[in-house]
Every structure is written in C-alpha cells, then in structure tokens.
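Take each chain as given, in its own frame, and dock them per the hints.
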Amino acid sequence: MKPVDLAKKLRRDAAFEAAALDRGKAELMAAIRQEGERRIRPTIVPQVPYANIGAALSFLERAFGFRELLSSRLEGANGVIHHANVEFGDGVIGIGTQGAHGAISPQSAGVASQYISVAVADVDAHYQRALAAGARIADEPHDESAGVRAYEALDLEGHRWRFLQGAREMPRYERRGRP
Amino acid sequence: MSPPSDAEVVGRSLAEPEAFGLIYDRHATTLLRFLGRRAGAGVAEGLVGELFRIAFERRKAFDGSRASALPWLYGIGANLLLKHRRTEARRLRASARIAASLEVPDRRAGAAALDARLLFPRVADAIEALPDDERETLLLFAWEDLPYQSIAEALELPIGTVRSRLSRARARLRELLEPKGKDRVRSR
Chain A
1 MKPVDLAKKL RRDAAFEAAA LDRGKAELMA AIRQEGERRI RPTIVPQVPY
51 ANIGAALSFL ERAFGFRELL SSRLEGANGV IHHANVEFGD GVIGIGTQGA
101 HGAISPQSAG VASQYISVAV ADVDAHYQRA LAAGARIADE PHDESAGVRA
151 YEALDLEGHR WRFLQGAREM PRYERRGRP
Chain C
1 MSPPSDAEVV GRSLAEPEAF GLIYDRHATT LLRFLGRRAG AGVAEGLVGE
51 LFRIAFERRK AFDGSRASAL PWLYGIGANL LLKHRRTEAR RLRASARIAA
101 SLEVPDRRAG AAALDARLLF PRVADAIEAL PDDERETLLL FAWEDLPYQS
151 IAEALELPIG TVRSRLSRAR ARLRELLEPK GKDRVRSR
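From first to last, the protein sequence lines are chains A and C. First residue of the first sequence? That's 1 in our numbering, and the numbers climb one at a time after it. First residue of the second sequence? That's 1 in our numbering, and the numbers climb one at a time after it.
Treat the hints as calculated values from the structure; they're not laboratory data. Certain hints may be false.
[To be verified] Stretch by stretch, here's where chain C covers chain A in the computed footprint (C-beta under 8 Å, at least three residues):
{"id": "1", "region": "7-14"}
{"id": "2", "region": "19-30"}
[To be verified] No farther apart than 30 Å at their CA atoms in a straight line, the calculated lysine-lysine pairs in the DSSO-like style are these:
{"id": "3", "chain 1": "C", "residue 1": "Lys83", "chain 2": "A", "residue 2": "Lys9"}
{"id": "4", "chain 1": "C", "residue 1": "Lys60", "chain 2": "C", "residue 2": "Lys83"}
{"id": "5", "chain 1": "C", "residue 1": "Lys60", "chain 2": "A", "residue 2": "Lys25"}
{"id": "6", "chain 1": "A", "residue 1": "Lys9", "chain 2": "C", "residue 2": "Lys60"}
{"id": "7", "chain 1": "C", "residue 1": "Lys83", "chain 2": "A", "residue 2": "Lys8"}
Yeah, the Cβ is synthetic: ideal placement off N, Cα and C, and Gly gets one too.
Extracted from the complex, chain C is given alone in its bound form (with noise of 0.2 Å):
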C-alpha cells in the first residue's frame, strides 16, 4: 500500500490531531531551508515551528483537493516572512556582496553594465524594491523552483496572476541589464 498523501493525513488529523506530525516530518526541512534562505538561520529556526503550528490550526482550510501540502505550506511561511522584512533586507544586501565577489568579470559582456560589484547590489535593491507579492512570486519561481502552479496555489492567486505578475518582476529586473537602466534603479 503506498503511503497517504499529504490530503489524507491532514483530513486524517482533523479527528486525530497527531498525525499532523507526519506533514511535519515529510515537510519541515524543505521548509526550515526556504525560511533560511529568506531571513536567515536565526530567524527560519524561530518561525518553522510556527509555520507548522499556524499550518496545524488552520488545517481545516487545507483543500483536500491537492496530494501536496508543500504549496500551501509556502505560502503560510511567505506570509510570516512578510513580519521580517528588514532582516531579509540585510540578508539580500550581504547576499549581493557575496555575489560580486564570487563573479568573474565578463568582458565580452562589455562594461556596459556588467561589472558585477555594481551589478548585484543593484538587482538585490531591484528586488528589494519590487511590490511584496511580485517579490514573493520572483522567489518562489527562482529560488524554490516552484512551478507556476504551486506558486498559484501558495500565493492563492489564478495562475494567470502568476504570469503576469512574474513578467512583471523580469521586466523591472531587465531594465537593469540594459542602457537606459543604467542610470537610475530605484534606490533605498
């Protein structure tokens, strides 16, 4: 017999809460690892057990309809991100000094705007800068390798929103590439 799905489990634990504990199990460090890359170790160690205990109290809500818990997981966790802003910031800003550093330079790629210790802690101020839910959609494709459907079901959002909020964020991150956004990206 294959094991229950993640639906299962959680219609499973609104009469026997403990076995919530298993989507913790299947779960949690995929979890802890998206919350760490986010705003850091300190804070993800604080807010994965809450994520799950939020995810725990609200299971009622979880759409039976979906085998995976993880999509609506991200989603409980983009939102306790959101009360941690700054240090995700920081964590960005530092990200891009580690970036540059580590880039080769390109020089086929011209000194347009390619030279990476002024290229990286642009594009981290780009993101910094983008709206929180094109920001979210940005990370969640990029980072987390969602595909568009989870991110769909994370965010609560049609999949269409997902698109077009996705080419959103490339477009503003593009205008960096080019000429004309050489000289100004918004700063903070």
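Pulled out of the complex, with its shape left as it was, chain A reads as follows (with noise of 0.2 Å):
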C-alpha cells in the first residue's frame, strides 16, 4: 500500500451539532458588529492637499504607518482618488485634493503654512521607517526638554510631519463631551 493511501485510511470525520455552523457564524457576525462600532469621527479632522493623492496614501502608509480608513474613499469614475481619510492611533487626517477648498499642496505653493504633529511609541523606530521609504528628513531625531523626543520629515510634496514620542498629556476642560 502506498503511503500516502496508509495515511487516508486514518481520515475519520467527526459528527457536529446541528447548530455548530450558526454558531460559528454568530460570533463572526458578532465580530463584524464590533468593528462598525470602532468607526471614528473625531470633531476636528485637519484636511491635507495634495496634487497626487494616490501617490501620498502610499507614501504615507509606507513611511509613516498611517492607514486609510478605506470605506470613506471618495473616488471619481475615472478612479482618481477626489479625497481619503487616514488614521493612525486615535488621529485622522483628511487627504484632499489641492485646489478644493481653497487648500494649496506647498509643492505648488512653495511654502508649507504649518506642520502636523504627531505622537508615537518608538520615535526612533519611526524615523528609521521614514528614512526607508524615502521621507526627507527636515530635523534628525534629537531630545528635547522633559523627556520628549522628536524628527521632523516632509512628505512627497513638502508638508512637514512632526514625530515625538513622551510628549505630555493635556488636562481637558471637558471630558468627553461633544458640543
């Protein structure tokens, strides 16, 4: 006998309870549930232009580790990407596109007219992912006043991103409340 014929003469299936599959199929469901109820919607959410947005969700997401929140892409027929939102922790940031809005990509504006900060756990593990995609880095990593630690990089079209890891938390004058 062959071996391969030894080894399927050992198959023996099992018998299941008849609910066994919707069973199964409940905690998927269940699971499919609880993701719809982590959907954000922060009350501010800073809009980013860029002239190529398909080109900067890639570069973000390699470089920086942001991800698109893909269900709230909005896309023309043609499949030019209009506007996207990405996450990372408990941020979002809208990437749009220049021009909307009166919003100008500093690659066209020559200038950036401000910087996102951003906070995370290992800043030199970040800045070393940053340096492999190919972020110009605008300020090396370096320690700053009460523990903190910073890089700055600009992204594909020159808006600058600030990382900091031990940044201090904010007391809140309202916890929680929306207005």
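Written out as structure tokens, the structure reads:
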C-alpha cells in the first residue's frame, strides 16, 4: 500500500451538532458588528491637500504607518481619488485634492503654512521606517525638554510632519463632551 | 450575471464589512469538516467561528488575485490547529485503532509489515512524529484532497517546497512498509 493511502485510511470525519455552523456565524457577525462600532468621527479632522492623492496615500502608509480608512474614500468614475481619510492611533487626517476648499499643496505654493504633530511610541523606530521609505528628513531625531524626543520629515509634496515620543498629556476643560 | 468571486466579496467587505458573511456561508462547512477531522467535533465547533473572525480581521491581506478564499482559510485553520496538537494526536491514535479493526488481513502481502493491528498505530505515530510543516502538507494533500497549488497558497510556500515536503513525508512513511523500517519507528 502506498504511504499516502495509508495516511488516508486514518481520516475520520467528526459528527457535528446541527447548530454548530450557526454558532460560528454568530461569532463572526458579532466581530463584524464590533468593527462597525469602532467607527470614528473625531470632532476635528485636519485636511491636508495633495496634487497626487494616490501617491500620497501610498507614501504615508509606507513611510509613516498611516492607514487609509478605505470605506470613506471618494473616487471619481475614472478611478481618480478625490478625497481619503487616514488614521493613526486615535487621530484621523483628511487627504484632499489641492485646489478644493482653497487649499494648496506646498509643492505648488513653495512653502508650507503649518505642520502636523504626531505622537508615536518609538520615535527612533519610526524615523528608521520613514528614512527607509525615502522621506526627506527636515530635523534629525533629538532630545528636547521634559523627556520629549522628536524628528521632523517632509512628505512627497513637502508637507512637514513632526513625530515625537514622551509628549505630556493635556488636562482638559471638558471630558468626553461634544459640542 | 455570475455570482461574485471570493476575491470580489472580500474586496467589497473592506468598505462593507457585513459582506464577509457570504465567505462564511460559502466555506464554513468545508472548514468545519477539516477542523473536525483533525481535532474532533468539540474543538472544531469551538474553532470555526474564531477561524472566520481571524480571516475577517485579516481580510485586507487577502491576495485578490486568487479567485477562491478556500486555501487561505485552510491556512488560518492549520495555524489554529497548532494550539490543539494534543487533541489532534489523541484523535489520530484513536483513528488508528479504528482503521486497524476495519482492515481485512491481506495474506498475499505476507506477515512482514502488514499486520494492521501493528501497522496503523505505527502510521499514526509516524504522522505524529513528522515536523509540523510536513504533517500539515501531508494531511492537506491526503485528507483534504487539495492540489499542490492550493496547499502552496494555504501554507504560503512556493509550490516546489510543497512537493519536497510531501516527498519527505512520503519517504518517512514508506520506511514503515519496508523491512528495514520494521524494527523502529520513532515512538513517543
């Protein structure tokens, strides 16, 4: 007898309860609903304009670890992305088309009028990732006061991002309340 | 219009998570049987929901160029079974006793190695003693009847590696049937 046939003879089917498949499905659907409940809508969402949103999304994921919230992507009929959202930690940033809402990419404006500050757990590991993905470093990792360590990088279109660890928590006037 | 492929359904579920329920409806029976053959009804019933929950959580990583999600699901199932190795081993030994009792003695084959009462427990031990990766490959092939390409997708291996693992597993089992293998198979 061939070895595989021998192994085959040890195959034995189990007898299942009729409800087994329903219970499994219920477990899956609960996980699906739970994901739905994790949906977020922060009160403030900074909108960052780009000339090429597709390239920007791929860079932001590779270099900085931002993940696109795929279900909220707005796409034109020709496959051009008009707007997308990316999340990182508990923050969300809108990735918009330059020109819309009067916002211009630094690539066209020649200058950035703001930077965005992002808290990370390990700023040096984040720096290595950004470096490997070809981010231009505007400020090398360095220690600042009160245990803060930070670096700054420019993305493909010259938006400036500051990454830091050890940032102090901010006391709030309002807890949890939404206007 | 033909029904959407698994890849299309998984793709759609990125924006519309509920769509993933269809993947369960299509494949849960197959996976439940797979888990049951390996670890018995009790463990399988507990694992099938977890398997699809993990698949749902990892759906972004599903390779959309594959029309069927089945090999990918088998791969997730195989990983889950690693946590239940002891139950799997017990079930395999019990199956060996049943297989031995069902076997009709074959006189032409001679007394050498084919006494079923001795042979099947040794086959079970030999399968048990295979490294995890070879055992998984052998059982996906022999029990699930998966083609090489699907095994490769399930275990995320090049197809050549599937072939070589399978041939190593076969060689180890073949030793059982040959006189020199009569004395000792690794016992546990």
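Structure-based check of all given hints:
A count of 8 residues in the region 7-14 of chain A with a Cβ less than 8 Å from any Cβ of chain C is obtained; the coverage claim is therefore met, three being the minimum. Residue count for the region 19-30 of chain A with a Cβ under 8 Å from a Cβ of chain C: 9. That meets the three needed, and the coverage hint holds. Taking the CA atoms of Lys83 of chain C and Lys9 of chain A, the gap is about 24 Å. The hint holds against a cut of 30 Å. Between the alpha carbons of Lys60 of chain C and Lys83 of chain C the distance comes to roughly 24 Å, so the proposed pair stays at or under 30 Å and holds.
For the hint linking Lys60 of chain C to Lys25 of chain A, the alpha-carbon distance of about 20 Å falls within 30 Å, and the restraint holds. For the hint pairing Lys9 of chain A with Lys60 of chain C, the CA-to-CA distance comes to about 38 Å; that exceeds 30 Å, so the pair is violated. A distance of roughly 23 Å separates the Cα atoms of Lys83 of chain C and Lys8 of chain A; the hinted pair therefore holds under the 30 Å criterion.
Taken one by one, the earlier hints fail for this structure only at number 6.
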